[in-house]
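Each residue of the sequence shown is one higher than the one before, counting from 1164 in this note's numbering.
There's no promise every hint is true.
As the list claims (entries may be wrong) - Here are the simulated distance ranges between beta carbons: (1) T1570 to L1349: 47 to 55 Å; (2) T1570 to E1409: 42 to 50 Å; (3) L1472 to G1285: 35 to 43 Å; (4) N1260 to G1285: 50 to 58 Å; (5) D1436 to E1307: 32 to 40 Å; (6) E1621 to G1285: 44 to 52 Å; (7) P1379 to L1349: 17 to 25 Å.
As the list claims (entries may be wrong) - Quick list of in silico lysine-lysine cross-link-like pairs, BS3-like style, CA-CA up to 27 Å: (8) K1470 to K1382; (9) K1313 to K1369; (10) K1210 to K1224.
Keep in mind that the hints were calculated from the coordinates and are not lab data.
A virtual CB, placed ideally from N, CA and C, is assigned to each residue, including glycine.
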Amino acid sequence: MFFGFAVTFKGTAHAAACAEVPVELAPLGHYSVGWGIDRRNTRYQPKAQLNSANAAGLRLKWAYGLGSNNPRAYPLITTDTIYIGSDGEGLLALDRNTGCERWRHFQEGQFGSAIVPAFANGRAMLVFNIRQRGVFAVDANNGELIWHAKVEDQPVPWYSGTPVVTSDTVYVPVSSMEVGIAINPLYGCCTTTGGLAAFDLATGAKRWFIPTIDEPARKTGSHYFLVSEYGPSGAAVWATPSYEAEQQRLYFGTGQNYSHPTTDTSNAIFAVDAASGEIQWIEQYTPNDAYNASCNAISLDHPNCPKPLGPDVDFGAPTMLLYGQDGQLRLIAGQKSSEVHALDPQTGKRLWSRRLGRGGIIGGVHWGMAANERLGLVYVPISDKALPNYPSPGAPEPGLYALDITTGEVRWHHNRAPRCDTLACVYGLSAAAIAANDVVVAGSIDGFLEVLHAATGEVLWSHDAWREYDTINATPASGGGFDAHGAFLADDLLVVSSGYAYVGDQRPGNALLVFELADEAADND
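Work out the full structure, taking the sequences as your base and the hints as a guide.
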């Protein structure tokens, strides 16, 4: 996974306090159970009113000025509240109708996940990650901290993927900050690995942790006479696993190695027993891929840049468990190589693979896909953006692709020209998509949010986010590139963060946008 740089925090003002307290969060009062809407990570919202007949009536209801220009939290929406993380100001509980503030729970650091509902000991909870600090559980009705947990098994863990919450366990994907620390030429890269951790939902006590590399790192060389080099390392777990309840299994992908020697667990798909953490099978797709952020810091000649250098085509997006129209369950995984793979979830056997573009360090499938199982389609956002001076062979083929879940055949492809010629304007889809009814929603790197017909790819509605917004908290807000977790749908709402400048010179922004369905004759922005 490509490593980005610092987050810029903005001064923010509080929204007006709500006059009424929220109703208590109930098990059926929320519109997702995690990042994937369901635990199979279908990213299909059955509780959305948005469809091809009314999409043209979407209008902006209100906007909120978030605390940084790299918003990375994915909201949770309930019957009366939008919960969202805002860097520099904490976890916010906002009234979904007016945007007034019900409460806030302050946390330092960058939010890195969706806000996940949970219930333990009769208490409604919210579970989320702070990337540098670990996983947190707070009371959903007042923001009171319940517990904080972190992985002690690795010295510099990074919490970039959304936890999966079941009835009594929180499963946390773990990556490693060494991918970025390696920028320092005096740092001895690299010794750490990714993994998956399980914590008790009620208390936050650790149950188990499995590393993605069992072999201890060893010294492999040195530079500047005094700086030792180590390996193997890396194989980070960047994204939320998919969970299969009947078999009690978790499925997730891994990233590239950070240093040589490479392992057979990088750029791979894992199947893990949810109770014990025992690995059921591993299937690797791109071997011998070694990369860390030192390769982008100055040049490919940085002493910590692996040689030979890999293409950095890890599995950065969540896996999906999808039923095709033949009724068979498949494990679907999208890769930064611009490939999508289907596997037998029982055995890991490869069923089909489809390459859609050139892929690369910030290309291919980045954040996630969506599905409409009724239509038998999986929707694949492809970035295919490249970084200057980094090898990216081949012609880019960005856009949104609809693939047949059963066969992998391309049913349609949506593409358009970028709005300008600068790197920030490069058109491509990096943000995760979401589907509902007969529509799919996707946001582009160059700032267009679009609703497309799920069966044909026809654009039904578009919003250009490169503008300034009036906000309900009186904090200046501007829109930017659409990236990261993408949009959320619930009832008549479409909620999305605009602005993510973490990689590739993308246009920053800090606008939380809440759209609602109105009369079809209303202004569609």
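Going through the hints against the structure:
The given range of 47 to 55 Å is respected by T1570 and L1349, whose C-beta atoms sit roughly 52 Å from each other. The hint said 42 to 50 Å for the Cβ distance between T1570 and E1409, and at roughly 25 Å that hint is violated. Distance hint check: the CB atoms of L1472 and G1285 are about 53 Å apart, inconsistent with the given range 35 to 43 Å. One distance hint, 50 to 58 Å for the beta-carbon pair N1260 and G1285, is violated here, with the actual separation near 28 Å.
At roughly 34 Å, the beta carbons of D1436 and E1307 sit within the given window of 32 to 40 Å. Our hint of 44 to 52 Å for E1621 and G1285 holds, since their Cβ atoms are close to 48 Å apart. Under the hint 17 to 25 Å, the C-beta atoms of P1379 and L1349, about 23 Å apart, fit the expected range. For the hint linking K1470 to K1382, the alpha-carbon distance of about 15 Å falls within 27 Å, and the restraint holds.
Only pairs whose Cα atoms come within 27 Å are accepted, and K1313 paired with K1369 is accepted, the gap being roughly 8 Å. With a C-alpha separation of about 19 Å, the suggested pairing of K1210 with K1224 holds against the 27 Å cut-off.
Comparing the model with each numbered hint stated earlier shows that hints 2, 3 and 4 do not hold.
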